[in-house]
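Novice: Bring the two chains, given one by one in their own frames, into a single complex with the hints.
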Amino acid sequence: MKTESRFRLLLIGSTYTWMVVLALIPYLILLGASFLERGEGTLVVSGWSTVNYRHLLSPAVFGMALDSLALAAVAALLCLLAGYPFAYILAQAPTRAQPLLLLLVMIPFWTNSLIRTYALVMMLKADGFVNTLLRAAGLIEAPLQLMYTPIAVFIGLVYTLLPFMILPLYAALKAVDPQLLEAGRDLGAGRVQNFFRITMPLTMPGIVAGTMLVFLPALGMFYISDILGGARTMLLGNYIRDQFLVFRDIPMGSAASVTMTVAMGLMLALHYLANRRSGREMMR
Amino acid sequence: MNKAVVELIGVDKDYGGHRALANISLTVADGEFLSLLGPSGCGKTTLLRLIGGFEDCTRGQLLLDGRIMDRVPPEKRAVNTVFQNYALFPHMTVFDNIAFGLRMAKKGTDDIRQAVHQALELVELAGMAHRKPAELSGGQQQRVAIARAIVNKPRVLLLDEPLSALDHRLRKQMQKELKQLQRTLGITFLLVTHDQDEAFAMSDRVVVMQQGRIEQIGTPMEIYEEPVNLYVARFVGDINVLDGVIREQTGSTTFIALVEGAVVRLRSNRALNLGQSIHVLLRPEDFRLELEQDIAQSRDLSAKFQQARLKGTVRRIFYHGATYDVEVSLESGTRVQVTEFFDDDSDNLYFKPGDSVALGWHEGWEVVLPHED
Numbered sequence: 001m002k003t004e005s006r007f008r009l010l011l012i013g014s015t016y017t018w019m020v021v022l023a024l025i026p027y028l029i030l031l032g033a034s035f036l037e038r039g040e041g042t043l044v045v046s047g048w049s050t051v052n053y054r055h056l057l058s059p060a061v062f063g064m065a066l067d068s069l070a071l072a073a074v075a076a077l078l079c080l081l082a083g084y085p086f087a088y089i090l091a092q093a094p095t096r097a098q099p100l101l102l103l104l105v106m107i108p109f110w111t112n113s114l115i116r117t118y119a120l121v122m123m124l125k126a127d128g129f130v131n132t133l134l135r136a137a138g139l140i141e142a143p144l145q146l147m148y149t150p151i152a153v154f155i156g157l158v159y160t161l162l163p164f165m166i167l168p169l170y171a172a173l174k175a176v177d178p179q180l181l182e183a184g185r186d187l188g189a190g191r192v193q194n195f196f197r198i199t200m201p202l203t204m205p206g207i208v209a210g211t212m213l214v215f216l217p218a219l220g221m222f223y224i225s226d227i228l229g230g231a232r233t234m235l236l237g238n239y240i241r242d243q244f245l246v247f248r249d250i251p252m253g254s255a256a257s258v259t260m261t262v263a264m265g266l267m268l269a270l271h272y273l274a275n276r277r278s279g280r281e282m283m284r
Numbered sequence: 001m002n003k004a005v006v007e008l009i010g011v012d013k014d015y016g017g018h019r020a021l022a023n024i025s026l027t028v029a030d031g032e033f034l035s036l037l038g039p040s041g042c043g044k045t046t047l048l049r050l051i052g053g054f055e056d057c058t059r060g061q062l063l064l065d066g067r068i069m070d071r072v073p074p075e076k077r078a079v080n081t082v083f084q085n086y087a088l089f090p091h092m093t094v095f096d097n098i099a100f101g102l103r104m105a106k107k108g109t110d111d112i113r114q115a116v117h118q119a120l121e122l123v124e125l126a127g128m129a130h131r132k133p134a135e136l137s138g139g140q141q142q143r144v145a146i147a148r149a150i151v152n153k154p155r156v157l158l159l160d161e162p163l164s165a166l167d168h169r170l171r172k173q174m175q176k177e178l179k180q181l182q183r184t185l186g187i188t189f190l191l192v193t194h195d196q197d198e199a200f201a202m203s204d205r206v207v208v209m210q211q212g213r214i215e216q217i218g219t220p221m222e223i224y225e226e227p228v229n230l231y232v233a234r235f236v237g238d239i240n241v242l243d244g245v246i247r248e249q250t251g252s253t254t255f256i257a258l259v260e261g262a263v264v265r266l267r268s269n270r271a272l273n274l275g276q277s278i279h280v281l282l283r284p285e286d287f288r289l290e291l292e293q294d295i296a297q298s299r300d301l302s303a304k305f306q307q308a309r310l311k312g313t314v315r316r317i318f319y320h321g322a323t324y325d326v327e328v329s330l331e332s333g334t335r336v337q338v339t340e341f342f343d344d345d346s347d348n349l350y351f352k353p354g355d356s357v358a359l360g361w362h363e364g365w366e367v368v369l370p371h372e373d
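So the protein lines, in turn, are chains A and V.
Mapping the first sequence onto full-length UniProt numbering, position 17 (from 1) lands on 17, and the numbers just tick up by one.
Mapping the second sequence onto full-length UniProt numbering, position 351 (from 1) lands on 351, and the numbers just tick up by one.
Pulled out of the complex, with its shape left as it was, chain V reads as follows (with noise of 0.2 Å):
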């Protein structure tokens, strides 16, 4: 990993009596794209806000390129912000609002004009340069905030939930700008917000928060493949909770267990005793489903339910296009949600409400967590 631009240390926010955050250790590396990621109310915004400058930490400390933060105001830092609502100013023009951050650096005119026409290039705005802000659709106003930061060149761009504003697809459009100008410009991006797709697809990490604590640090990949919690599993996509305990142990990271009244077999590398409570999550994907009748008549379907097979019945079918999600109601009374994908020589679902059907999974796509009561 490259060398650390933000490091927080033990960091708490208090206001009043209320704990903001809690205990927070986060190292930022250089040139990479964090995501805070987290509802309304978990902190996310604070911590921003801490490294911006605006606010001060009750404990802990942070530290900017390896120089402590205390008592340092947000214009003595080299991170600059794009706000939620933009924050352009309303009475300056586009050139004006981008060139704000360069004049107060006192640079020259020619390099300052010369600065803000390759920013307004670079976000695609050139020839907006004497617009006033209320002349522009939200997507340009966006870009104009984001120009207005990088052109400062800052160590850290801090962008809090900078995306909420826009529209479906102009979001999804500037999602790939935005990972795409992170790369191009090699500064830091830390992004916030309470949309996981969204820090999915720009991220090389993503920090699950929740009620002031950080829950995991991890790429995408590893935050939705591994979840260490029941929290972070339900807050990254759909998830079904099945409940189970350990019966054995046959190997260092194999376990026999009894889930929803079935013997299965799961894999984990966590420890887990004999007698343990246990969750065993699985995504939609992550399940095999197949009819009862045809299971019967065929000794290779068979083999593939040989470590997991819970019965079941159809309940719904919900279709989404390219894929379609079934209910299904195991003996045991839980339900569950089962993405299948259509199959490309029959135009007809494949399953029906009434159904008999077995239900598996891919062998190891299973996350074994202890059981959270």
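Extracted from the complex, chain A is given alone in its bound form (with noise of 0.2 Å):
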């Protein structure tokens, strides 16, 4: 008994030694480097000052962040009009064969993310895979701009992001008793009406989960943006990165992260409240 709560404090103190070492201690310093400025010739200086946050709200700032929510809003949408359909499909199949479709949703996620949108610039620009076979196709004569386009950074997040919908969504759509279907159309509705009476509001909870797991990293995936949109697009992420990386104010770049977090936060935040009162009203 002894040997196993040792064990057992060792296991648990050590998750919280690495939660404390590598997210909170680096957290409160990005939280404290938000308050202090940018010093000419040193990183910062010390000093107490909310001008960061202050900047965060001028219109060009602010106007890139409602432009970020934005575009992450449209691919979460994307995202969602692609991986229903996917998810739903891949519910109804046979059972046996839903391992496997599972695992070939999952499978691009053994390369890294960076290397597949490099794959993706390969698929979309001038002379690549798309317009080759357009052409070919007779379909189009000159080559269409897709490179360095949104609709470019759109089709990275959602290649990216669209796993994320897909599984909680598969969750949800496995978790409807076929039984209230039938009973659906025993009452009269077809198909169709079954899908948006029963099946949609009972899978509302795996839409809600997929569109947060898709919608909040879209905010900060700077890279696709970078490979696949050049310079005109611009995500919170790549404002993030251009403060520490390109114009070195730490300041900035913190108080901007630190806005990031704590507007996600609340987001994850409301949700995790809406679930628990529908939850609650299950249990009664």
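Read the hints as simulated data drawn from the structure, not as lab findings.
One or more hints might be untrue.
[Claimed, not checked] Pulled a few chain A residues facing chain V out of the computed Cβ check, cut under 10 Å: (1) G184; (2) D186; (3) A189; (4) N194; (5) I198; (6) L202.
[Stated by the list, open to error] In silico lysine-lysine, DSBU-like type, Cα no more than 35 Å apart, as pairs: (7) V/K132 x A/K174; (8) V/K107 x V/K153; (9) V/K132 x V/K107; (10) V/K153 x A/K174.
[What the hints assert, rightly or not] Residues of chain V clear of chain A, computed beta-carbon distances all greater than 10 Å: (11) P39; (12) R71; (13) F95; (14) E124; (15) L185.
A virtual CB, placed ideally from N, CA and C, is assigned to each residue, including glycine.
Specialist: The following block contains the structure:
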């Protein structure tokens, strides 16, 4: 018994140590830095200032943040539109085929996403796979400008984040009792009415979870915007990265970072509260 | 009999290589309460799903109100189902659950409100309209499921083991209420159950099924008193099976036979040949049982055992309150179970283990079947 509890203490203790050293302390440093000011020659100057946060509210930066939110929202919507039918087919597939199909969704994860983004460049560039194919098929005469457009960024975001949408949707769809759909048919609903009145409302938690899992990372995936969108498309992630690495304005980058984290945290908290409320309703 | 609502003509249902239903022919009359009775896996639920439109016949035909139902989907059939686990929509209130079918039928808002409240009153759930299914007890959910189905005024209501999830007392109560509801509404009820008591208590007719086949169709009394074979006899209640051989035919329906070593007189409408092996079936309550010593002293008593008198010894007594069971081993070695009612005058059980007894039965209560080996 005693060794067991010591082992448990070791396990839990090491987890907490990691969390404190690698997450909490760096984050506290970030939070502290966000209230400093950038110095000439030195990285920061000491003092207490909210200038960085005020700068975030300036029209240029605030507009960029809104654009970034809109971009992430569109990416999440595209993922939902592409992912729901896929998850639906997956959940309806023969039980024995489902693990294999799920594996096909997971396999791209085994390759580094940066490398996969570069692979997309090969597909989308002027003499790339997509244009060659379309021209060979006689559908276009001149190559389409795909690279360095918002379309390319969306393609990149959706391609990278789609599995995060499919998996929670699949789990939610699997949890829908098929007998409820039979009951719907029995009461006069066709397949389409069944979907909108039964399947969709019952998979709403999966829809929300999938949307969060796509939307939040889409705000920060700066390398996709960099590689596929060129300089024209800016995500919040690009802005933060630029503050740290290009302009060397650590306090400003910290403030943007803190703001984005707080925004994400708020959304997760709302999601959690909504879940808990519907969960309580179920329990009653 | 009223005109037929459901007709099945030579219906087969195959799953892969397995035949779930074989050559089912059945007619359900308008306004009838019919039960499909059988053990799990006998095909009774498959038959219900066929009528509901969730399965197709492999061979044969299904007609509802005289119309052939080939490839008619569930939503286009004038039948509604009460599912075994109720299948209430968890995200909808009781009101929305019950209104579902009416909304699908594009009824007006006022009509819907009125019909739903009427249905709620019928199942005694008035005031529960705004609850969610998860906030209701099992019995209440059951009532919502029934209300959700009957509010659509179906030609046939299909009930798939609707009471199996309820506890014993609630089940008894719901049996009465369902029967009452069926009388009030005049809708044809088709109930699937594995519980003989339930089938007998509620049904006008019972269909006994085994391994995808119909063994017998009849009123509860016919099924209980005149089972067509050993399977049906054993499935509906306790039964004693005695073996015998026909010795002599003494009239058009009367025979003399050797049963468990004793010469007895039997009645049967069946054509039985001399020397034919038979089963004699008797319910525990069909027997007469007396002490040998009492019969020796009473001419009246011995007269009652004239047509059949088997000798045996009392083995055990089982006390049940209003009745008690006596286990008797006959001279042939066969054991039988006899149900006796308490004598009002006597406080004590009349029989005790070790007593020598004579076993007979009320004349004509026996069922004679050809031997099934």
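Novice: Hint by hint, which ones does the structure fall short of?
Specialist: Of the numbered hints, all hold.
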